[in-house]
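In my numbering, the protein residues as written are 45 to 228.
There could be a bad hint or two in this list.
No more than 25 Å apart at the CA atoms, straight line, and that leaves these computed lysine-lysine pairs for BS3-like [claimed, not checked]:
id : residue 1 : residue 2
1  : K195      : K72
2  : K47       : K195
3  : K87       : K47
4  : K48       : K195
5  : K47       : K72
6  : K87       : K48
These aren't lab readings, by the way, just hints derived from the structure by calculation.
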Amino acid sequence: MLKKHLLGDGNEAAAVLFCRDLSPHRAKLLVFDVLLIPNDECKIRRPDFITWPGARLSAAMDRAEDECCSLILIHSHPGGFLEFSGVDDDSDQSAIGSLFGGWSGEPPPAGHGSAIMVASGRIRARLYDPTMRSTPIPDVTVVGDDILHWKDDQPERPAVMAFGSGMTNELAQLRAGVIGVSGT
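Put together the whole structure using the sequences plus the hints.
Structure follows, in structure tokens:
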């Protein structure tokens, strides 16, 4: 759903991710809801630029305050540029700065962030603290029909082959638990 919306027509598109912080010691966010920003509400949409509709961001901020959660503003880079551009930096200063500035209570411990998705579906993300200092999110995992996992410092690479050393290395990074299995 998110990938289809963000990469649908070759122009940048946007969404807001509502996240809960799962760890008291370091930011470990879990997306629990997605707000797709309707394309027609963005005044400018080009392959390399998008404007965020203020009314949608304000409504998302109100909900996030009520639910004590962080927001990640995600948009696409349909051309495949897997880096935050200077335009992205300026946009974050304005949009995320407004989130912190309009927040009525204590901001969420993890802060708020931004993310980009490229045509392959890969996501790169970063978090901001209330002083607007950004920190890369080192690991992004997407769980759906497939489990996709990217490290911020790794270049984009093809999927690993089954039953090879690449698969062994990928699986060694994961943890699994079985819950609720009965012997009857």
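Checked hints:
Of the pairs offered as hints, the one joining K195 and K72 holds, with about 14 Å between alpha carbons and a cut-off of 25 Å not exceeded. Simply put, K47 and K195 have alpha-carbon atoms about 19 Å apart, close enough for the 25 Å limit, and the pair holds. Annotation: proposed proximity of K87 to K47 holds, straight-line Cα distance about 21 Å (limit 25 Å). For a cut-off of 25 Å, the pair hint linking K48 to K195 stands: about 22 Å separates their Cα positions.
A threshold of 25 Å between alpha carbons decides the hint, and for K47 with K72 the separation of about 22 Å falls inside it, so the pair holds. As the CA atoms of K87 and K48 are separated by approximately 20 Å, the hinted pair is consistent with the 25 Å bound.
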